[in-house]
Structures are given as C-alpha cells and as structure tokens.
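Asks: As a plain string of letters, each chain reads:
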Amino acid sequence: MTAKWGLRGLAFGYLGLLLLAPVGMIFYKTFEHGLGPPIEAMTSPDAVHAIWLTLLMVAVAVPLNTVFGVGCALLLVRHRWKGNALIDGIINLPFAVSPVVIGLSLFLLYGNDGWFGPTLSEWGIQVLFSTPGMILASVFVSLPFVVRETVPVLQEIGTEQEQAASTLGANGWQTFWRVTLPAIRWGVAYGVVLTTARVLGEFGAVTIVSGSISGETETLPLFVAKSFEQFNEEAAYAGAIVLALLALTTLLLMSIGGRRAKAGASGPIPIAGDTALSTPTTKEGS
Amino acid sequence: MAIAVEGAYKRFDDFQALDDVSIDVPAGSLTALLGPSGSGKSTLLRAIAGLEELDRGRVVINEEDATAKPAQKREVGFVFQHYAAFKHMTVFGNVAFGLKIRKWSKPQISNRVHELLRLVQLDGLAERYPDQLSGGQRQRMALARALAVEPQVLLLDEPFGALDAKVRKDLRSWLRRLHDETGVTTIFVTHDQEEAMDVAEQLVVMNEGRVEQSGSADDLYDHPANEFVMSFVGEVNRLGEHFVRPHDIEVAIDRDDGSEEAMVKRIAALGFEIRVELLLGDGTEVWAQLTRGELQKLELLEGQIVYLKPGQTKSFSGDPSSDGRGASTPPGADGGGDAEVSAAA
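Protein sequence lines, in the order shown, are assigned to chains L and W. Number 306 marks the last residue of the first sequence (the numbering used here); no jumps. Number 481 marks the last residue of the second sequence (the numbering used here); no jumps.
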C-alpha cells in the first residue's frame, strides 16, 4: 500500500518537476500582467504570419503523412514481402536522425550546389528559404507517426473482417472504407495527433531550410525563439501559449470525434460519393 | 448449387495443405468436411470461397469454373469460427452490409434484415453491437449476414468451435433446421465426428491434405476405407491385424469357442454407457462398450477374468497408414473400398 503511494508520489513529482513546472511557469509569465500584453504581442503582423504559416504546415504535412502512413501500414502488414523490413527501417529514419541533420541534408539536396536545386530553380521553383522547403522538412520529421501507430492496430484486428467483407461482395476500396478504416480509426487518430504536434513544434529542420525570415518564413516556434533571443519575452511567452493551445485543440477535436464515433451516433465514417444508402434502387433479381 | 473441387493442390511454405483433393457436393446438400487439425479441411473450404488461391486444380460452382473468380464475385456465404463480426457496426449494420454493397434501397434492406433476424432469432437485438452479444448470438448474426445476400452456397468454418458444449448442441440442430428451411447448398468444416454425423447428410473425411473417404455417416461407420477413417469416425480397438468397434466386443463370464481370455482392468460408468477396460493374455489393452443393463446382468468386477468374442472385425489390406490414396470416391458411392468385413470365427 505505502509502496504504491510512494511510487505514485514519485511519478507525480517527476512529471511535475520536469513537465508541469516549466509549462506552468510560461502560463504564469504570459498572463502576469493580464490579457492585454499577450494579445497585443500575438496580433503583430509577424506573429499573425507565423501562426498562419504554422497552420499551413499542419494543413499540408498532416494529410500527406496520414494518407501515406495508412497506405504504408497496409502495405507492411497486409502484403508480406521481403523488402518490408527495409521499408520499415527507412520509415524510422526521421526518429533516428536529429532534425538539424535533416534540415542540413535538405539544404544540401535543394541548395544551389545540390542535386535538385539548380534544376528546380531553372523551373522557377524556390525550395530553400521559402514555403516548399519548410513543408518538405515538416513532412520529413513527422512521417513515421501514423505508420507506427497504425501498424499494430492493423495487426491486431487481423484479416477476418476484411475477408468477410469480400465474401459479402465488397471490393477492395469498399472494404477499406467500410471495414478496415473504421476498425483502425483509433490508431490513425492517435498518429494524426502526434503528427500534428510534431509539425506544430518543429524547430531544428525548419530553422535551417527556412532561413527564419520574420514575416516570411518564420513559423511559430521560430517566432518564439527569435522573440526570446531579442529579449521580447512577452511575445515569446505568448507564442508558446498559442502553440500549446493549438496542440490542445487537436487533442480535443480528436477525442470528441472519437467519442461520437464510438457511441455509434455517426455510424461508419461517411464517404464522399458513396450513395449506397441514399440512392433508392430496386433490388435485382429475387 | 452443386460444388466440385478437382485435383486441388495448395502448399504453405513447407506444409502441403491440400494434396490432390477432389470432392463433389450435390446441390442442396449439407456436407461436412471432417478431419483433425492440419488435415486441410479449412484450406479446402477457403479455396471454395476464393479466400485461398489454389496452386493447382479447379473449383466449380454450379457448373461454372470459379477458380479465377475473386471471393467478392463468387456469391458464397462464409461463416468464420471467430465470427468476424464488424465490431463498429450494430447487428443491423452487420446483416445489412452485403445489401448495402449491392445498393438495395433503405426500405428493402430494412425488410430483409428484419426477416433474417427473425430467422436467426435475433429480432429485438438489431441495435446492439457485437460485443454486447453472447458467442452463440454473434455466430447467428454472422449466419444472418452470410444468408442476407442469398448466396448460392453457404460455407461454415468450424462455426461452433468457439462455443461451449450446450450452445453448440443447440446451434447444431438449429443449423439442421435452417438448412431444411432454406435449402442452400451448405458445407461446414468440423473436427468433431459426432457433430458431423449429427448434422450432415454427407461426410468427407480428410487427413494430411487428402480425402480419405466420403459418403454418408452410415457408409463411413460401417464400411470405413481404412484404419484412419475407422478410428476417426467412431471408437476402435486393434486386435493384431483386425479392428473392432468397442460395442462389437461381446463380454461373457463363461469360456466359449473362439473366445479370448481377458482380465477386467477398470470399469468406468459414463451414464448409460459403461466403458470396460480389458487386458488380453498377450498384453494388448482393449475396451468394450456395454450398457448399464448388460453390466448389471454380468455382475462384472475389476480384476475378474472374462471371455471376449469380437463380433464384426475389419482388416485393411496393406499398411493401414498409407492406403488413404485413391479414396476420394464420389459421395454416395459405397465407400467400402479395400475394407474387408469378416466375422471372427
């Protein structure tokens, strides 16, 4: 009994000291002088642009990595093949390599002396120090999450439900939307949350490829860092709070959506163009 | 709709699941694929459904070659041992699945689903989720789901394997009645010979990827093609080269011509049936099946010396363990094969 409470105390103490205290400190510092200063700091043109750019990163990188992640997980789990181990290893690369190194490698690849840089700039596409490069970096660093979260769930649900769907006449696409995806939705959702959080907070890789130009290529984490370096502590704290709120919103949206799906109120995820239920047709034969 | 499988081979890595299997299932029949685990019976069923691709051989459904058809186009109903319920859908959603895929209208789906739920006695549970159902209810839901699309054939893979004994017996007779009502050609896989003999009109006994024998329950019991079938379909004692069913051993207190001396080792009363374990002079152990009445008449005691007279014995020519080949006789034919029936002198 006492041992259990001792362990709990230790866990709370550890989390409190390492996580809660610093985050709490930022909240305290931000709102030390009321709501006015942080709001003012966050409505400056540079801050607004940084928020917008961060949301753009999320809007591009998260859907891309979700579609890729689910597809890749299906490939890894449902289609046994010798090359799978290699693919599996490559997917882990962003976990293994420091974001700064990722930024550096993108810099080398797309820079003026890189493999792709000269060709792309001939076509008028500027990758480095602009949005495409930052999106590339964001996609790179957040790539593994959906795959990693989806693979175990896919393994756990097995193939019988999918086989049952096929004997009932469903083609691969229908089976995926109506059976596989609803069954793995929790894993995917968790992967999406982690991906979003990663993209929101990405610093190292984006710093290098963006050049961190205020009002142009500065995302919110870069804005926070720069404000801090320039002793603009109010803006730095306020930016940190906005980042935290964005992450929190993602989590809330996911759990609300998940709860509704679990209660069965919304049924299977609705599919655009799926008219199976809305188009009255006559039963063939019989 | 009749089903035929011709010369089917299937190999998984280093395991030969099907080794030249041919079967013939008449339209409207209820057939059991019976065999121990690893005998290839489930693989054969899955191959008929299109869930497993054959290395060689053909699957013919209703005189049409279905070998190259994907599962979704074969119009078979398949029921899995572990139900394969769509967990995120209600009972209604599960049963309606195939109809939604076929783009039936909402009222038609509703009518058909409720009709089926009445048939499988789940009406009133339509809005439940599978995890709110018992195992037996889930399996009946799976059956309704498979029947909803009016399949040409119904395939059941150890449908009652995961259920407890009582529910199993209920579902057995219920499946029998369901088949009589719907008349759908049905094949079910089981390792339980009693279940197979109880439910099916025709049995196909499989072992090590081959068909050992097929025929009616009586055919297999009375004219087993080999030792494997004889011992798998019912109990058997081995007396030298001869095999005898425990209920064909006559136990007497007095010596008679041609009877053999034995000692009663143990008497186990299993309700109406009494199992008498006996030790022969040469050290062979056999057992005889008596009724309660017979035991009382004989007044047997453990340790007593009795005299046995095997009634009908069978012997199989050649090495009994290797003569399974060529036993894929068409159903209905006398499966006696190379079995020789003789009465002990």
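Note that these hints are calculated values from the structure, not bench results. All values reported here derive from a predicted model rather than from experimental measurement. Check before you lean on any hint, since a few could be wrong.
Stated by the list, open to error - Each computed DSBU-like pair below joins lysine-lysine, with the alpha-carbon atoms no more than 35 Å apart:
1) W/K205 <-> W/K302
2) W/K205 <-> W/K239
3) W/K242 <-> W/K205
4) W/K205 <-> L/K102
5) L/K102 <-> W/K209
6) W/K433 <-> W/K445
7) L/K102 <-> W/K223
8) W/K239 <-> W/K302
Unchecked claim - Among chain L residues calculated to face chain W with C-beta under 7 Å, some are:
9) Q181
10) P202
11) A264
12) L265
Ideal placement from N, C-alpha and C gives every residue a C-beta, glycine not left out.
Asks: Can the hint on L/A264 be confirmed by a CB-to-CB distance to chain W that is less than 7 Å?
Replies: Hint on L/A264: violated, closest Cβ of chain W at ~33 Å, above 7 Å.
Asks: Is W/K433 within 35 Å of W/K445, Cα to Cα?
Replies: Given that 35 Å is the threshold and the Cα spacing comes to 17 Å, the pair holds.
Asks: Within a Cα-Cα threshold of 35 Å, do L/K102 and W/K209 meet the stated pairing?
Replies: holds (30 Å)
Asks: L/L265 was flagged as interface toward chain W. Is the shortest Cβ-Cβ separation under 7 Å?
Replies: violated (32 Å)
Asks: Against the 35 Å threshold, does the CA-CA distance of L/K102 and W/K223 hold or violate the hint?
Replies: holds (32 Å)
Asks: Can you confirm whether the C-alpha distance between W/K205 and W/K302 stays at or below 35 Å?
Replies: Given pair W/K205, W/K302 is violated - Cα atoms ~39 Å apart, limit 35 Å.
Asks: Decide if the proposed pair is consistent with the structure: W/K239 and W/K302, CA atoms, cutoff 35 Å inclusive.
Replies: Judged against 35 Å, a Cα distance of about 39 Å means the pair is violated.
Asks: Should the interface hint for L/Q181 be scored as holding, given a Cβ-Cβ cut-off of 7 Å against chain W?
Replies: holds (5 Å)
Asks: Hint check: is the beta carbon of L/P202 less than 7 Å from a beta carbon of chain W?
Replies: With a closest approach of 4 Å, the L/P202 hint holds.
Asks: With the threshold set at 35 Å, check whether the alpha-carbon distance from W/K205 to W/K239 stays at or below it.
Replies: With Cα atoms ~21 Å apart, W/K205 and W/K239 stay inside 35 Å; holds.
Asks: CA of W/K242 to CA of W/K205, is that 35 Å or under?
Replies: holds (29 Å)
Asks: W/K205 and L/K102 were given as a pair; does the straight-line alpha-carbon distance stay at or below 35 Å?
Replies: holds (27 Å)
When each numbered hint is compared with the structure, violations occur for hints 1, 8, 11 and 12.
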